[in-house]
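K.L.:
Okay, here's what each chain looks like letter by letter:
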Amino acid sequence: MLTLEKRPQPSQAWTYLAPLVAVVVTMIVGGAVFAMLGKPPLESIRTIFWDPLFGEFAAFDRPELVKKAGPLVLIALGLSFGFRAGIWNIGAEGQYIMGAIFGAGIALAFYPMEARWLIFPLMIIAGMVGGMLWAMIPGLLKVKFKTNEILVSLMLVYVADFMLDSMSLGLLRNPEGHGFPGSRNLQQYASAYNGDLIAGTGLHWGVIAALFAVVVSYIALSRHIFGFNVRLAGQSPRAAAFSGVNANRLVLVCMGISGALAGAAGMFEVAGPSGQILSSFNVGYGFTAIIVAFLGRLHPIGILLAGCLMALTYIGGETAQLTLGLPRSAVQLFQGMLLFFLLAVDLFTNFRIRLTAKEAA
Amino acid sequence: MTDTLLELSGLTKAYPGVVANSDVSFSIKKGEVHALLGENGAGKSTLVKTIYGLVKPDTGTMTLEGASFQPSEPRAARASGIAMVFQHFSLFDALNVAENIALGMENPPKMGDLARRIREVSETYGLPLDPDRVVGDLSAGERQRVEIIRCLLQDPKLLIMDEPTSVLTPQEVEILFETLRKLRAEGTSILYISHKLEEIRALCEHATILRLGKVVGTCDPRETSARDMAEMMVGATLHVPEKADKAQEGDVVLAISGLSAPAPHQFGTALKDISVEVRAGEVLGIGGVAGNGQDELVAALSGEMKTKPGMISFKGNSVGHLPPNARRKAGIAAAPEERNGHAAAPDMSLVENAVLTGAVRMELTDDRGFVRWAKAKDFAEQVIETFDVRTPGSHVAARALSGGNLQKFVIGREIMQRPEVLIINQPTWGVDAAAAASIRQAILDEAAEGAAVIVISQDLDELMEISDRFAALNEGRLSAPRPAKGLTIKEIGLMLGGAHDMEVAHVDA
Numbered sequence: 007m008l009t010l011e012k013r014p015q016p017s018q019a020w021t022y023l024a025p026l027v028a029v030v031v032t033m034i035v036g037g038a039v040f041a042m043l044g045k046p047p048l049e050s051i052r053t054i055f056w057d058p059l060f061g062e063f064a065a066f067d068r069p070e071l072v073k074k075a076g077p078l079v080l081i082a083l084g085l086s087f088g089f090r091a092g093i094w095n096i097g098a099e100g101q102y103i104m105g106a107i108f109g110a111g112i113a114l115a116f117y118p119m120e121a122r123w124l125i126f127p128l129m130i131i132a133g134m135v136g137g138m139l140w141a142m143i144p145g146l147l148k149v150k151f152k153t154n155e156i157l158v159s160l161m162l163v164y165v166a167d168f169m170l171d172s173m174s175l176g177l178l179r180n181p182e183g184h185g186f187p188g189s190r191n192l193q194q195y196a197s198a199y200n201g202d203l204i205a206g207t208g209l210h211w212g213v214i215a216a217l218f219a220v221v222v223s224y225i226a227l228s229r230h231i232f233g234f235n236v237r238l239a240g241q242s243p244r245a246a247a248f249s250g251v252n253a254n255r256l257v258l259v260c261m262g263i264s265g266a267l268a269g270a271a272g273m274f275e276v277a278g279p280s281g282q283i284l285s286s287f288n289v290g291y292g293f294t295a296i297i298v299a300f301l302g303r304l305h306p307i308g309i310l311l312a313g314c315l316m317a318l319t320y321i322g323g324e325t326a327q328l329t330l331g332l333p334r335s336a337v338q339l340f341q342g343m344l345l346f347f348l349l350a351v352d353l354f355t356n357f358r359i360r361l362t363a364k365e366a367a
Numbered sequence: 006m007t008d009t010l011l012e013l014s015g016l017t018k019a020y021p022g023v024v025a026n027s028d029v030s031f032s033i034k035k036g037e038v039h040a041l042l043g044e045n046g047a048g049k050s051t052l053v054k055t056i057y058g059l060v061k062p063d064t065g066t067m068t069l070e071g072a073s074f075q076p077s078e079p080r081a082a083r084a085s086g087i088a089m090v091f092q093h094f095s096l097f098d099a100l101n102v103a104e105n106i107a108l109g110m111e112n113p114p115k116m117g118d119l120a121r122r123i124r125e126v127s128e129t130y131g132l133p134l135d136p137d138r139v140v141g142d143l144s145a146g147e148r149q150r151v152e153i154i155r156c157l158l159q160d161p162k163l164l165i166m167d168e169p170t171s172v173l174t175p176q177e178v179e180i181l182f183e184t185l186r187k188l189r190a191e192g193t194s195i196l197y198i199s200h201k202l203e204e205i206r207a208l209c210e211h212a213t214i215l216r217l218g219k220v221v222g223t224c225d226p227r228e229t230s231a232r233d234m235a236e237m238m239v240g241a242t243l244h245v246p247e248k249a250d251k252a253q254e255g256d257v258v259l260a261i262s263g264l265s266a267p268a269p270h271q272f273g274t275a276l277k278d279i280s281v282e283v284r285a286g287e288v289l290g291i292g293g294v295a296g297n298g299q300d301e302l303v304a305a306l307s308g309e310m311k312t313k314p315g316m317i318s319f320k321g322n323s324v325g326h327l328p329p330n331a332r333r334k335a336g337i338a339a340a341p342e343e344r345n346g347h348a349a350a351p352d353m354s355l356v357e358n359a360v361l362t363g364a365v366r367m368e369l370t371d372d373r374g375f376v377r378w379a380k381a382k383d384f385a386e387q388v389i390e391t392f393d394v395r396t397p398g399s400h401v402a403a404r405a406l407s408g409g410n411l412q413k414f415v416i417g418r419e420i421m422q423r424p425e426v427l428i429i430n431q432p433t434w435g436v437d438a439a440a441a442a443s444i445r446q447a448i449l450d451e452a453a454e455g456a457a458v459i460v461i462s463q464d465l466d467e468l469m470e471i472s473d474r475f476a477a478l479n480e481g482r483l484s485a486p487r488p489a490k491g492l493t494i495k496e497i498g499l500m501l502g503g504a505h506d507m508e509v510a511h512v513d514a
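These protein sequences, in sequence, are chains E and V.
Just so you know, we're using the numbering used here here: the first sequence kicks off at 7 and counts up by one.
Just so you know, we're using the numbering used here here: the second sequence kicks off at 6 and counts up by one.
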């Protein structure tokens with residue numbers, strides 16, 4: 007008989023192995039699902055995981071990869087602080103939208119002034135403030151009224167969604183757009199454009215910010231008392247209170263960090279790859295980042311790798327839709343499976359399986 | 006027919022790197038209270054787990070009432086009439102008492118019937134317990150009652166009790182002993198594990214002593230002195246804590262005056278008008294049954310719970326509004342009762358647990374808040390060495406340590422910060438005799454160095470041994486402290502019960 011036995015200490019090896027095993031299992035099960043859909047499994051997997059990096063059109067895919075990984079990593083890093091502390095901000099998508107609206111709003115307010123040195127930094131700040139303010143709503147409600155931040159932050163995504171619609175049709179609509187919805191395209195406004203720093207690489211300021219955030223998060227979590235308090239609060243809330251961690255302040259700080267980073271990601275996106283405020287601006291980065299955060303073990307380096315992997319499935323998935331006719335939902339299923347299997351495999355970090363001989367009757 | 010209930014012969018169980026039981030043989034008679042004695046790590050737990058079907062022995066056999074007995078799982082053991090009260094509770098916090106008990110039963114009756122039976126048993130055996138209370142809100146003492154009643158409901162032939170009395174008052178211990186004696190008269194055998202030798206002498210007629218997995222002796226506790234038994238157990242001469250020569254009355258360091266605070270949660274205890282002064286160099290012992298405001302008092306002193314200005318002052322300055330780290334900086338250190346998850350974070354390493362309270366006083370962080378991990382490691386290792394914490398190293402997670410070792414670490418961590426006020430709740434609960442003696446000695450040493458120490462405990466022998474003055478908590482009120490020397494058990498019982506004259510005196514104060 008198989009029994010689960012709690013390990014005296016969490017297994018170090020499994021902590022690192024679990025994401026890899028989850029990826030492999032996802033490939034196998036995903037391949038089986040694709041086969042059942044009548045698609046060649048090996049080719050599907052290769053199209054998703056291999057072709058964007060080394061395939062025929064990799065030169066076109068690689069910059070896209072970087073552009074997709076940037077926001078995912080940035081948002082996931084912000085979320086990881088809260089997740090470690092047991093504060094569940096599920097509404098990064100909404101904070102991402104608000105960051106984009108604030109950032110674009112600032113840019114459009116200055117249009118057509120030529121002053122990149124002023125406008126672009128202001129946009130970054132505005133994007134962070136926008137996301138942070140949006141995240142403060144569930145944060146403050148939790149602190150003041152003990153509401154559930156999961157529900158409030160999630161519901162605010164839909165509010166932000168409507169805000170985005172309203173902005174693209176109203177306040178921020180392009181006055182020279184012949185009545186079409188959507189703001190001016192920031193890609194055509196040099197002072198606000200967040201373009202590739204080196205042409206054709208996809209490397210824009212948002213990617214730099216994400217890499218910078220990886221380093222800062224790593225230092226904060228492993229070397230600073232703040233990171234210690236975050237981990238402590240997540241593992242043992244009572245011990246954290248005894249140690250002197252102010253639980254309410256921690257909620258606000260963690261919500262603030264995740265909101266600010268999601269907002270910044272939104273701003274870098276709207277000023278760069280996306281270009282304009284439009285109701286189809288958001289594509290679910292805020293939700294995918296949750297998977298990225300967990301797939302990366304809430305560890306900054308892990309998140310960086312997981313963000314790249316997730317970006318890969320996005321790009322590869324799109325290619326698979328085009329070339330193999332895989333349905334979009336099959337690709338989303340594939341991404342969901344990654345998290346599903348990770349959580350399942352995670353069990354082995356804290357437990358081990360033992361074969362116990364069944365007593366002869 | 007035989008009057009032997011359970012016979013163990015040649016039981017051996019080895020784990021990688023350690024032999025937990027080596028050729029253990031003894032027998033338990035019907036209607037006998039049999040003591041199992043040994044330090045932590047002596048193999049008692051493995052042995053009782055074997056009897057209870059949780060561990061399968063490598064070699065050796067057991068016979069129950071003449072028939073071979075090889076329980077493959079606790080359910081089989083329970084079906085054969087063996088019940089066990091664990092030292093560590095296996096209760097679900099989110100469920101109420103009756104639901105928790107129903108979970109351990111094969112065919113639980115209807116909730117209403119079960120609740121009634123729980124009330125009956127709890128009244129019969131003097132273990133007050135409301136079946137509708139949620140376990141998460143119960144104190145350690147009350148949780149243990151749930152476990153005891155859970156077993157009694159099974160009508161066992163053999164009842165295994167692991168340290169059952171550590172959270173009871175002398176009166177309650179007497180009632181429990183009456184219960185156990187009654188069970189014995191009804192023919193139930195009891196395997197009784199305890200470190201409290203006086204208890205064993207009062208209750209048990211046979212004792213088996215384990216050391217390092219082997220049976221090192223048997224005796225009749227009624228005719229053997231506690232000291233002799235203890236020495237058999239540790240295999241060395243026992244170190245009895247000595248009180249240092251009482252220094253001249255020190256200055257008042259900590260003054261609590263009129264401390265009142267509402268209960269922090271629904272089932273907490275409100276603190277009511279507590280006033281007491283603690284002087285440098287003295288140990289104030291506070292007794293009382295669990296759930297009478299101990300946790301709240303510790304929280305109010307440690308800074309986890311804020312109080313109104315003037316209620317708590319340290320060297321004349323009001324500190325009731327300060328958060329924990331500011332109090333530590335001032336010189337107040339505390340060690341709460343629950344080691345895992347309150348005093349220490351179970352999944353964190355000992356180094357990280359050293360940072361948990363040591364960050365401020367030991368300067369384990371720099372001015373910008375970066376942790377000095379090397380210094381933290383040194384501090385953790387100092388604690389481990391000074392307090393003889395048995396662990397493979399400071400990198401080990403706190404939960405991997407045995408209760409006694411973690412307790413030594415937690416108390417050592419506070420003492421080594423050289424606080425001027427030290428508050429400890431339940432310093433030796435679930436800790437073996439040798440470790441308990443060294444913890445008590447460390448507390449006395451700390452007082453001798455000039456710290457004002459408050460020890461909250463339910464173990465009255467312990468309090469009498471180390472306290473200079475004694476007070477009792479009862480429903481959130483603290484009796485007027487009295488010199489511990491010369492107090493009789495009867496007087497203490499009255500104080501614990503919140504006798505009327507003391508309340509009046511207290512209100513007047």
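Think of the hints as simulated: they come from the structure by calculation, not from any bench.
We put the CB at the ideal spot given by N, CA and C, even for glycine.
Warning: the hint list may mix true and false statements.
Unchecked claim - With a Cα cut of at most 20 Å, we get these calculated EDC-like pairs of lysine to aspartate or glutamate:
1. V:Lys187 x V:Asp233
2. V:Lys61 x E:Asp171
3. E:Lys12 x V:Glu128
4. E:Lys12 x V:Asp352
Unchecked claim - Non-contacting residues of chain E with respect to chain V, defined by C-beta distances greater than 10 Å in every case (computed):
5. Met42
6. Pro118
7. Trp123
8. Leu157
9. Pro187
10. Leu203
11. Ile231
12. Gly331
13. Leu349
K.L.:
Work down the list of hints and note, for each, if the structure agrees.
P.N.:
Tested hints:
A threshold of 20 Å between alpha carbons decides the hint, and for V:Lys187 with V:Asp233 the separation of about 29 Å lies outside it, so the pair is violated. Proximity of V:Lys61 to E:Asp171 is assessed by CA-CA distance (about 66 Å); at most 20 Å being required, the pair is judged violated. Using a Cα cut-off of 20 Å, the hinted pair E:Lys12 and V:Glu128 is violated, with the two alpha carbons roughly 37 Å apart. Among the hinted pairs, E:Lys12 with V:Asp352 is consistent with the structure: their alpha-carbon atoms are about 13 Å apart, no more than 20 Å.
With a least beta-carbon separation of about 40 Å from chain V, E:Met42 lies farther than 10 Å from that chain, consistent with its non-interface assignment. Look at E:Pro118: its CB is around 43 Å from the nearest CB on chain V, clear of 10 Å, so calling it non-interface holds up. No Cβ of chain V approaches the Cβ of E:Trp123 within 10 Å, the least distance being about 30 Å, so the stated non-interface status holds. A cut-off of 10 Å between C-beta atoms confirms that E:Leu157 is not in contact with chain V; the least separation is 20 Å.
Consistency note on E:Pro187: stated as away from chain V, and its beta-carbon is indeed over 10 Å from all of that chain's, at 47 Å minimum. Every beta carbon of chain V lies more than 10 Å from that of E:Leu203, the smallest distance being close to 31 Å; the non-interface claim holds. Not every C-beta of chain V lies more than 10 Å from that of E:Ile231, the closest at about 5 Å, which undercuts listing it as non-interface. Annotated as non-interface, E:Gly331 keeps its C-beta farther than 10 Å from every C-beta of chain V; the closest such distance is 47 Å.
Every CB of chain V lies more than 10 Å from the CB of E:Leu349, the least distance being 18 Å, so the non-interface label holds.
Consistency with the previously given hints fails for numbers 1, 2, 3 and 11, ordered from lowest to highest.
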